[in-house]
Structure formats: structure tokens, C-alpha cells
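There are 4 protein chains.
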Amino acid sequence: MAHKDGLKIAVIGGGSSYTPEIVEGFILRYEQLPVRELWLVDIEAGKHKLEIVGELARRMVAKSGLPISVHLTLDRRQAIEGADFISTQMRVGLMEARKWDEHLPNLHGIIGQETTGPGGMMKAMRTIPVLLDIAKDIEELSPNAWLLNFTNPAGMVTEALDRYSNVKSIGLCNAPIGLQKWLSKKYDTPASRIYSEFVGLNHLHWVTRIEVDGVNRLPELLDKREEYSGKNVPATEWDADFLRSLGGLPSYYLKYFYMTDAMLAEQLESLKASGTRAEVVKRVEDELFELYANPELQEKPKQLELRGGAYYSEAAVNLMDSLYNDRRDIQTLNVRNGRTLDFLPEDASIEVNCVVTGQGPLALPVTRVPEQTKGLIHAVKTYERLTIEAAITGDRDIALQAMVSHPLVPSVGAAKRLLSEMLEKNKPYLPAFFKS
Amino acid sequence: MAHKDGLKIAVIGGGSSYTPEIVEGFILRYEQLPVRELWLVDIEAGKHKLEIVGELARRMVAKSGLPISVHLTLDRRQAIEGADFISTQMRVGLMEARKWDEHLPNLHGIIGQETTGPGGMMKAMRTIPVLLDIAKDIEELSPNAWLLNFTNPAGMVTEALDRYSNVKSIGLCNAPIGLQKWLSKKYDTPASRIYSEFVGLNHLHWVTRIEVDGVNRLPELLDKREEYSGKNVPATEWDADFLRSLGGLPSYYLKYFYMTDAMLAEQLESLKASGTRAEVVKRVEDELFELYANPELQEKPKQLELRGGAYYSEAAVNLMDSLYNDRRDIQTLNVRNGRTLDFLPEDASIEVNCVVTGQGPLALPVTRVPEQTKGLIHAVKTYERLTIEAAITGDRDIALQAMVSHPLVPSVGAAKRLLSEMLEKNKPYLPAFFKS
Amino acid sequence: MAHKDGLKIAVIGGGSSYTPEIVEGFILRYEQLPVRELWLVDIEAGKHKLEIVGELARRMVAKSGLPISVHLTLDRRQAIEGADFISTQMRVGLMEARKWDEHLPNLHGIIGQETTGPGGMMKAMRTIPVLLDIAKDIEELSPNAWLLNFTNPAGMVTEALDRYSNVKSIGLCNAPIGLQKWLSKKYDTPASRIYSEFVGLNHLHWVTRIEVDGVNRLPELLDKREEYSGKNVPATEWDADFLRSLGGLPSYYLKYFYMTDAMLAEQLESLKASGTRAEVVKRVEDELFELYANPELQEKPKQLELRGGAYYSEAAVNLMDSLYNDRRDIQTLNVRNGRTLDFLPEDASIEVNCVVTGQGPLALPVTRVPEQTKGLIHAVKTYERLTIEAAITGDRDIALQAMVSHPLVPSVGAAKRLLSEMLEKNKPYLPAFFKS
Amino acid sequence: MAHKDGLKIAVIGGGSSYTPEIVEGFILRYEQLPVRELWLVDIEAGKHKLEIVGELARRMVAKSGLPISVHLTLDRRQAIEGADFISTQMRVGLMEARKWDEHLPNLHGIIGQETTGPGGMMKAMRTIPVLLDIAKDIEELSPNAWLLNFTNPAGMVTEALDRYSNVKSIGLCNAPIGLQKWLSKKYDTPASRIYSEFVGLNHLHWVTRIEVDGVNRLPELLDKREEYSGKNVPATEWDADFLRSLGGLPSYYLKYFYMTDAMLAEQLESLKASGTRAEVVKRVEDELFELYANPELQEKPKQLELRGGAYYSEAAVNLMDSLYNDRRDIQTLNVRNGRTLDFLPEDASIEVNCVVTGQGPLALPVTRVPEQTKGLIHAVKTYERLTIEAAITGDRDIALQAMVSHPLVPSVGAAKRLLSEMLEKNKPYLPAFFKS
Ligand SMILES: [Mn+2]
Ligand SMILES: [Mn+2]
Ligand SMILES: [Mn+2]
Ligand SMILES: [Mn+2]
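Chains as they are written, first to last, in the UniProt record's numbering: chain A, 1 to 436; chain B, 1 to 436; chain C, 1 to 436; chain D, 1 to 436.
These are calculated hints, taken from the structure and not from any lab test.
Just so it is clear, CB atoms sit at the ideal spot from N, CA and C, and this is done for glycine as well.
Mixed in with the good hints there might be a few duds.
Here's a subset of chain D near chain A, in silico, CB distances under 10 Å, partners left out [as the list claims (entries may be wrong)]: (1) 100; (2) 209; (3) 306; (4) 340; (5) 358; (6) 359; (7) 360; (8) 362; (9) 364; (10) 365; (11) 367.
Bound conformation, chain A alone:
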């Protein structure tokens, strides 16, 4: 990217509770990443939140004294036009839809999770058409922009963008950076002296090499079972024998696959105690917006960190910085496979280490792919690809094949019953499935 006076950034889903994080990120990184215009855009239904969070953003910028202009709009095209970077963080169907993504599978004795399984599938089918629509605007209005996609399920959404649009897009998740921060703290070593190699898909990765200051720490980490976990996944303990021979530190999302019984039990119990996770998160969010609305507040409140999206802003700003400045550092991203994993199609999205150049990320070769990861990666990728096809075509048969293909779905019969219920519940968000 050629240097120029200042950057235009568009944040789609700008009314999100996460927005103060990224605003803080832009302020702190201003010298490397000179943002001139920040456009926060949302839909009509999110207007109220957009105004609250937008006013907070303006107060934060004002306090910083930096020449960044903050724009709030419901006109997506205006925000996109001429943008250098566009980030998306949205929730089609809002928390209500998420609630059913989690709840309906539970009612059938199946894991309810918003980024994988039947829940992730519904979310993908609601979201992909919307993102492809945004992509069309970008193709027209800012064809050279980079689209940074945080919208979950980030792996499927990124693959859909890569295969069905011409936009330069990259998928992002805060789990890899979180793990690296955790390692850095644990070994009291700067991240630049830690090399960790990620293999897999979004929310389905294994860290197969960890060298801290040149020393291989993976065996020790597997042996000790010291846990890095996200806020949104229960901290059930791994089996020691299993972990030792797994060949890589598993993403905490892998607990859904390896300890399905315990995780399901936990979900059902937690459901009884405090409702769906969607409802819990909604309460946290409501509290956050109450804080945001306070006109005295001029910075990101500490409570946001409890929300579950730690380092989200850092990941985004790091990536923009490296793209803008051709930094060529290594970041863990969701990108087109190419020839990285030899058992997946070249156009599959995967989550691996990349060198981020000014022309985009280049996936690094993976040096170790434990045999035991391959079947699971491919099983989930099969579900992902069929889900993308279903999202685009609105074909119920393909949707059934997608759901059956997911390792957490026990049988065709269960899939068929659950799919029927979930499609019905998501009717307003699935026009392709309900053409008149």
C-alpha cells in the first residue's frame, strides 16, 4: 500500500460493544497507522447502540487530541466508499438468533455453540449472504480495500468471501493472539522470542510447535496441562494421557469435540442455572452500554475485558499496521489454504501462521501436522464447505448433508429433525431458503 496522508477506516457493525476497544487501538497506534476518518456503520435496528458507542468514540478521540474524525452512519455504501480498511463485526439476527443457535441443539441433546455444530451452521447461513452483499459494495466502491473479517463463524465467512467475491479479505480471531500472550506471560518472554506454529481451522486449531527462546516447550506444556482458555468455553480439564500424545496444544474449542459428553452436561447445567450463554452475554452487554452512555466516560472501561473478546482490537490493529507498513511479521490468520495443508482444497480457508506483507498475508508452510488432527480437520471442513454451499443456494438437501457431516451431530435422523426446527426459527434471516 503506497503511503498517503491518512487512512479511511470503516467498521461495519460499529454499534458493537467491542467498538471502544478498536478505537483505543487506533489511538495508541496512531503514529504507525495514521487514521484520518473512522466510519462506524450499523443497521437501523442498531441505531441506538451506534449512537451511544459512537459518542463514546468521539469523546475518546477528543481526549487523545488526534486529528481523527469519527462518522456515524446507517449508509453502508457511504462508509465503504474509498475506504482503506473495512472491518466487520456483526451478528445477523442479534442475540435472539444466537439464543436459538445454542438452545435448539441442546433440546436434542446436542452441543449448542454459535461457531460450530448446528448453531454455527445457522449463524453461517444467516451471515454469509449479508457479507457477500457487503463484498459487492466493496468491489464497486473501494476495490483495493482490505476487508478484515471478525464476524463469526470467521472460518466459513472468510472462505465464502474468498470463493465468491473478488474482495481482498482476511479472517481474524482473538484466540491465537490470546494464546501467544498467555505463553509470553507464562514464560516471562517477549512474544518476539516465542515461535508458535498453528495448524487447523478457525476455532479448530492445534499449536504444534512452541519454541520459547529457542527451547521446545510443547512436551512440557502438554504434560502439565496448564490451561489457556477463552472466557466463552468452560474450563474442563483435559485428560493427561490423551493430551500428552496429541502432538499439539489444542484450541479450547476442541473440547467440544474431544469431551463432548462433559461439555454437553455443562451446557445443560448452565442453561438451568443462568439461561443460554446468549442471555448471559446479553446481560453483560446491557451493562456495558449503560457505562458507555455516561458522558463522563472518555476511555474504554475495564469491564469490557470481561466480555470475552480480549485482544480483538490488538489483532485488528496489528494486521492493519503490517499491511499498511509492509512489516512482514508473522500473524496467525484465516486465509486461503493454497498448498499449505495438502489434504484440503486450495480454496479452503485455514488458520495458520502468515507473513503479513504490504501485498497481503503469505501462509507459511506448516512443519508438523500430527496424523491425529487430519481426520477431524477434514470432517469439519466438509461441514463448512457444505454449509457455505447451502448458505448460497438455499438448498435444504445440501443443508442436511452439511449438518450430518458435522462430528457433533449423531445421526441423520437427529440432523433432520433439528434442521427442520432451526430453519423454521431462522426464517426471517434465510430468504434463500424461503423463497415464495
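Chain A is fixed; fit chains B, C and D with the ligands onto it per the hints.
Showing chains B, C and D with the ligands alone in chain A's frame:
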């Protein structure tokens, strides 16, 4: 294979109840496949059965008037020496071991099956070391012989032979030929006018193209759900919507994966009613041997067809005939993948159509691989490869990874408990796991 | 292909001197391949020859007493409509163009050959647009027809058809069948007992395995240097040391690459003695047409065999027979690479053994690819792909890259001069290069 | 590599005229790369030079005041033992052998070049066995050391080391860094703001992307034909049309392939005027050693830069620095292909951009591989692989196949005559070919 006076055949596990089938096959095909010496070899524990079935074989040959000499022996090396074709059909641990392969998983609410899942894994770990031992004898005593492996789990055993010996081996199953016979009968069309393309692994294939006299019959077959099934798998009906969009006619073994709940229910019920399938089969076998022992009997008794191994002999004799006569016809076999399925390692065994030349089978390219088959194929192949590694190393950690990798195993916890029990029960047959 | 009453065949370039061969083929194979209508089509400039050869065809059919109707036409679309098989054998620019293909390179001290090097490149650029035009008619008028392409350079033309049309096309050459006949005669063994494996491209293959009745004869053949050669390539002797270690019996066309100096000397000498090969061939053809015109002649004259296209008819009829009857025999054809040669793109045309099924040919895996063949195959394929691109775009820069890439072209300077002359000479046949 | 007190470096071929360069490099980079012991090792025949250059090295270190100890030895094993980095820069057969590498081909009208063609082949066959011998010592005495190979032909030597030893080796050439310096100067832009992507093999690369401060400069560079060239290759001008459509800036070594006629003419003329290039270089070297012997000299003399190995030291020290400090910067290196170029074997050495981590270099994906480069790359790689096989086996047949495979060798006949002469001339250095 250069023409010569007559062939030496060794049947390892020659005391099997199936042996009269293959003897009949050699008699009927004598003109094309001139067998001079037929060696039936078995272990000490099978001596009695070997004698019964061996005497029947002699009476059958005598009746035919052909110059085939039948040899019975417990000395495997003598049988192998100088052989042209060696076939194996054995059951390490006998029916007793099979009983536990099926029963122990059932006790944990898991499918019990002797060729896949935890049961298939145990059978593979008992069998692979024995077959590799036989392979060593062949390398020494008849290095140019073809080894036709019918021993289940045929896919894993064949892959182990390919990767860990220099013997020319081919894996065989009667399911593909059975399906082709079924199609031929159904459409009243000779097999030579039916083209069916198989994709997948042993006991995990899909027939992705079926052309009868040039007409594509696959959609119709999927639509009608007319069932081809083996004797050994319950005939539960497929879901119509699911089948229609599956993209290939599934092997009946795939019911274990797609209708796990119904199949498990059926297993538990049948267990209550008539004991394990092993026990049922044992009763059938005992009756067969009673028949065989009758000195009046000079031919294969009709009752053998009820046993479940239909066309087994035809498959074996077809293959030997084509290898011997360089027939270049198409047969569905278990062979090294090479570059046939692009998502599996080159040294994985797969079950696909091959042209059988005098120099061995050449796998044909597959022209359609439905997306929905890939994840499941890869998941099961992962289990297979880890199982082979466990069989050879006797490493319990790898065995745990293998069992966890199987799609029918619900969690690490369940795998760990079941593995421990099953290893203990198989102790006499797993020296690599129980080194003193 | 479903059985039906009788077949419609269209021969494009039907006025060729080869036509009596294929007519004879249809007569002899009538029982297996029931031709009902034979359409010979040619362009205005070939009308006279078409009539001569067409009348001969009619006399041949009449003599046979078979119910085949022979149609002569200049209306290509009428011939194509509803055809089952279409074969092409044409020479865009006629013998005159071929003369310059051979002569102009010679003037620069470069091999002049009509199917490779600068000459083959010009022929490809003249021919590909015409064939793609024919393909458009087939897509519209007989989309299920098989196009059998004999038009040289058959490798490039076939690849262009495969990549730039939706027609089902197969490339054919008489060299492989010629070699097999030669082996069969040499070893007095029917072709069905000889297995020969071809690796490479059209006019650039090596036979890497030759088993006669199960015995490997390749070392002996390489050692003895007994020569199989086409009529159209001088019979210079191979170097014994070189041949022994080459790892495969080379196509006689490979002499242009391996003995460039001797072959060039031979061309220059022969040019002095009898003019270009084009002129020699023209004289032979003129004599043939004189024979054909004789109203007493009712069969293919013996003299046709001297023409150089031996077995051309047999290759064509064999292929149609196997496609029509789903014979599943092995033939050496020019087809899409797929995953056969791992170092070429999947859409490259290659010349290898195929099983010919009713649904088309399936390329067999190659079991031996000598290291020493790879560089040359890839170098020529690079030239071929750039030539195809130049033919379609009319881009002189790409044409220059194509010519420079050919191993027989010594330098950029030489290529540039020669290209310029050759483009000019071919102006009437290269509209894409000479847009006004 | 874990941090430790200081490093042990062994320079094999330490008596080379280049050594003062690398000594200077170690002095300048001391803070990042703390060398404790520098071992210069050479063979008996090079003892005199080793002493001269070794004394100079000591004076240079003394002047710097750094605590680096300089050791001179003829005992290779002592130098290797416990080393952290080993670099090799040697010339088996000395300048005399190079003279014949260049001269003998010229006598047959063939390019004489010490790193490609027949000359490069002889050099590889002399050198590879020696390097593999050194590798054995490293495997035993410093198995964790990195071997940095500058010894030409660096591509073939590196591939041989990778395939036939367990040593961690990397091949290096000064041409890529030279090109980058040239771009940096030309555009007055620091290297960190220039991204250049290399595709190909050692001395056979194309730079297929050049972005200077985010702007694509490749079309302009190709258009202007502004020349970057090495000291050792004549500066003949590229053809403008050809260069424009080549798709990448070619290595100056590619002139041997694209302008063979002009380059050969230049060689023959220069031979007449000043003898072989070997002789010219020898004169330069003699002068250098005269300078080095001056006890007043305490630094690298300016004249060394005329020698042709500019940036050699910088390349070496950059690489050691990044390996030691896990810098993760991008360097252009000769490494194992892996899955980078999809048309070459995974174990082929290629010259591409790599990220240099503490665990070694990771080859970056190539984003553009112009069609026109592939054939030539594969042709030369074929020659390289056959040459390596010949070097190891001493098989004359394979050597003949290797030489024939090289694009600069016109025919089998020429190859056979030349090979015979060259083998004879190199007899003392080719024990594998001349076993008694
Ligand atoms: Mn995430
Ligand atoms: Mn079976
Ligand atoms: Mn031909
Ligand atoms: Mn170099």
C-alpha cells in the same frame, strides 16, 4: 506373469468354513487358471477343522476329475514356498475374540463391529502383526507371489502390508462384487454392460456413478431406496431426503455412521434376543462343519451361502485369473492410493476400481468425489493409520489417539475406559502391548 | 452410450487422402459399430478432392452390401447435427502452408517439422481457432457427440479443445498403435498379451514398460536398438550407450531433440535432393487421387499405406467401438492429464494409456517416469501452452515466448527473426494476429 | 537456538580470497552475533594461502578490539566439533579444474560456465562427494550446527546435502542480495520497503514481483531494460520485446540460456583476448593475496570488491544473525522445495524467499509463476538431479543422461564426446568414476 505348467496356491486359514467356495471356484475356472497344487494351511488350534474341510476339498476335486493335488499342512512355510498366489482368510483369536470386539463396545453404548470402530481396531491390532509375519515368509520363500488378502479389517491389513512389507498384496472384499451382481440382476443386464464407480475405503465406500447400458441409473436408485445389503448388517431403511442428496449409493456399512442410533438399538436388542453376532455366526459355522464332515458330500453345500461371504470365491478367482492372464478387466479392490484420492496420503489403502493387468492392478481415476464423503473418509482413514501404528509399536498412547479419532467413539473419556478393557481382554493376542 | 439403431459419423476434412482407410474400417467393423450415415465434409477449396474420395467411398460401401449411406457436403453444420462421432483430419493452409512450416526454420538452421518446433507452432496457431469454431457447432448441434481429433499437432489441438470448449474430445495418433503392432509382429505375440506403458506428450513419448507374455523386454529392446520408426522421420540410428540408460523406448520424433544435428543435416540434404517433405507428400497425394478417381476402384488401394498414416483407421475405429460398446480396453490416447503426471497442470493434454469406457477414457496411472524425461516433457509442454495462448489471443509477445521456450530454438534472437517471417507468411490463416 | 555465551564458527575453505569479507562481517555484526571462536580450515594444498589470509584476519580482529579468537587449521574435524555455524566456500580441483570446466565445452562450441552446463556438472561431481564427507563429520561432531553452503554450484550441492545427509544446510548466493541492493539504490528506498519475489533455482531465477514502497515497479523495469548484472557475466543487452513479456526480471545467468549465441561468441572472443575466465580470476586472486600478505594491512582491501563476490559476507552474516536471533525476516535462499513449486519434487532445492526463524528458513509461497519459466526450470532441474545421482554413483550412463538433459547441450553426440574428455581431465577428482 509368464505362462507355465500349473500354479501353486496357498490358502492360509485353509480350515475356514469358506474354503469349499474357493475350491469350487478353482474347479470351475480350471481352464483359465490351471491350479496344480492347492495347499490348505492352518494353525494347530484349527487342525480339526482343517482336516474336515480338507477332506471335503479332496472329494470335490476327485469328483471333478481334474489333476489338482490338495495338501493339508500346519507348516506355513512349506505351503508358501514357491507359491504363485497366496490367499489369507483368518481370524486371530477366533470367534471368542470377535465376541468381545462386538460386546465390549456395546456395554459402553458404542457400536460393536468387527471391522470398524473399537472392535475393528482390536481385530486389526491382533491381526496385523501376524500378517506381517506371513509377509516375511513370502519375501523369503516366494517373493514373486501375489498375496490376496481377505482377512478383515481388509483395508487396514492391506495398508499395513503395503507399507511395512515388500510383498505384492491386494485387499479384497465381497461387497463390491455383491453390489454389481445385485445391479446386474435388478436391471437384467450383464455386468459387462454396467459401469459402477466406487469411491472410498474398505467397508466405507460410495458408488458414485452407475451406468447401465449407457444410462445413468444413480438418481433413480437413490430415489427409490431399493436396498442392497449384506447378510451381516441389519437392513434398516435409509432416509429418503438424505439418500437423494448423498451423491452416491452408500455401502451398507455406512449405516453404522449415518444411523448410529438405530444401529446401536438394533445391536442391543439382537444381543438380548440371540447373543452377539459372533455367537450367531459360530452356531452357523458349527452346522456347516457337521455337513462338511459327511463323507458323502462332494460339493459345496447350499447352506454355505447363508454364511455371509457370498461371491468371496468368485472375487478371488476373478482376481487370480486376471493377474495370471493379464486380462485388464476392471475390478474393485483395496490398493495403494497413489494419486487417486487427492486428500489422502499416497500410501493409504483405498477401495476403488482398478484395471487388473499381468503386472498388478492399476487404480483408475475417480471422476466424481462428492464433497460430503471426504470428511468421513478422512476421519476413518486417520483412525486406520493410527491403528496400524499402534499395532506395530504396541504404544498405548497411539492406540488411545486411534480410538478417539473414530467417528463412532463419543469422547476421550469413553475411549479411555473402553480401550483399557479391550486391551486387557485381548492380552494373549497383543504381545507388543504386553511386553514383560 | 445407449444402444440405438445406427450411428451418424461426420468426418471433417473428409476429402483427405486418408478417407478410404476409415471407410474400410467402418465396413470391417460394421457388426460392432453399426454406422448408418457417414458424412464427409470439406471446405470449398477441397471440393474436388471430396468428390473423388467420396465417390470411391460410395463404391466401397456398395461393394460391401452394407446399409451405410455416404453423404458429401460443404455444409459443416449439417454434417455435425445429431452426429454420434465426429472425426477431424484437416490441414489449414494446405500443403503450401506446411511447406513453409518446414522450410523457413531450415533457412535459419533450425529443424523444420510440422508438429513440433516453429513449424508445429505455426500449424497450431492456424488450426486451433478453426477447431474451436467447429467445437462451437458441436456444442450447439450434437453436444453428446465424441470428437476424435487426428488433426496435428494433435496434442496442442486436443488441449485447446479441452480447455476452451465443452466438447468431449480425444486426441489420436497412429504412432502408439504402430509401435504396438511392431512389437506384436517382432515377438509373434498377440497385442492382448503385450503390455506397453506410454509416458509423455503427443509425438514426445517414451515407452517405459514393455511386457511380452509377462516378460520384461524393455532392456533387451533398448540394448539391441532395433528400430521402430514412422515413414515421416528419417531412420537415423540411436546411440547405444544413450539408449541403454534412457529408461524407455523413445518415440521416433524424439530424434529431433536428441540428435538435432544429424536430423537437421538430413533435412537440409533431403531438401536439396527432393524439396521439402511437404512437396514429397504432395506428389504422393496427387498419385493417390489419380488412383481414387478410377471408377473401377472399389477398395482402399495398397499405395495408401506408403503415405505414412498406417493404422490411422484402426485407431479411430477401435476408439469409437470401445466408446460405443463400453469395451474398457486399454488404448494410448491424448487426454487431460488430471493427476497422472504430477509435474504438469491438471488441464494439460498428455499421451498415455487409458481404459476406454462407455463414458470416455480414463487415464491409467503411470508406474515409471524416468527422471530424464521430465525436463524435456515440461519444456515442450511450456511451448505448447504458450502456443495455445498465442493462437487464441493473437498476441505476438506470447508467440515469441512460445517460440523461445521450444528446446529446438537456439536463442531469443533467432526466434524473433524467424517468428516475424513465419507470421508474415501465414498472414491469411492468422486473423487474430492481423486484426485491422 | 538458545542464547549462550558466544558462538563457534567454522569456515571450510578458509584460505579463500573472500575470507576477509566475512571476517569484516563478523566484526561489524558482533553485537547481534557474538562470535567467540572463528576457525579457518583448509586443505594441505591451500596451507600457504590460509596462513596469509589467517594472519590478515587476526590483524583485523586485533584492530577491532573484540574478544574473537581466530584459529587456523588443516584439521577439519577439530574446526567442526561443537561449531554453531559452518560455512563452506571451496573449489575442488582449484582454478585449474575450473579452467577446463570453461575451456573444454568452448572447444566443442558449447557454453563453458562453472555453475551450469557441462562445466557446472563437472564441478558438481567433483564437489558433492567432498561436501557429503564434511556432512558426515558434522553429523557426528556438531549435529545441531547450521551448514551455510556457498560452494558452487550451490543449488546442486545444497540439494545433495539435503537428500543425502541429516545436516541442517542452507544454500546461499550473492545474486539475490545484489539485486535487492541495486533496487534499493536505484529507487533510493530502504530494502525494508522493497518487496521482491524470487522464483526458480540457483543461478536460474526470475524476480516476478517488485513492489517499491507499495508500487509495482516490475513492468517499468522490464520496459527500461536497466541492467543489474554480476561481475562474472557479460553485460549483453536483453531484447526489449522479449523482456517485456517475460513476466519477471531474469537473473543475469539466464543470458546463457536466452542469448546462447551471443554469450558463446563473447566467450570465444574473450578466450582469445585474455584466456579463460578462470585464468583472469586467478590473476586477480594472486594480486589480492599479495595485498593480504602486507603486514600493515588491517582491513579488507577495496580491491576485493572487484573480485565478483560482492555482498557474500553480508548474506552470510544476515543469515546467521536471523537463525541465531529468530529474526523472522525474509531472505532469498536455496532450500528444499516442499510444496512451493508444484511442478518440482518436494526434495528439490529451489531459490526462493524464506522467512528465517530460529528453527530455520520457511519457504514462502510464490504468488506468480509465469508459464514461460516452468519448462526451463524443470529442464535444468532434471539435469541437476541426474548430475547429483551421477556424482554419488559414479555411473557414466547417468552422467551422459545428465549432460544430454541440459538445455545448452545440443545433442547426444556432442554430449558423449565432451563428457568423455571432461571425465578424463577430472580423473583425480572423480574417484567414484575411476574405481580400480
Ligand atoms: Mn474467534
Ligand atoms: Mn468385506
Ligand atoms: Mn501423430
Ligand atoms: Mn551464486
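Tested hints:
no., hint, in the structure
1, 100, "41 Å, violated"
2, 209, "7 Å, holds"
3, 306, "33 Å, violated"
4, 340, "8 Å, holds"
5, 358, "5 Å, holds"
6, 359, "6 Å, holds"
7, 360, "9 Å, holds"
8, 362, "5 Å, holds"
9, 364, "5 Å, holds"
10, 365, "5 Å, holds"
11, 367, "7 Å, holds"
In summary, the structure is inconsistent with hints 1 and 3 from the numbered list given earlier, while agreeing with the others.
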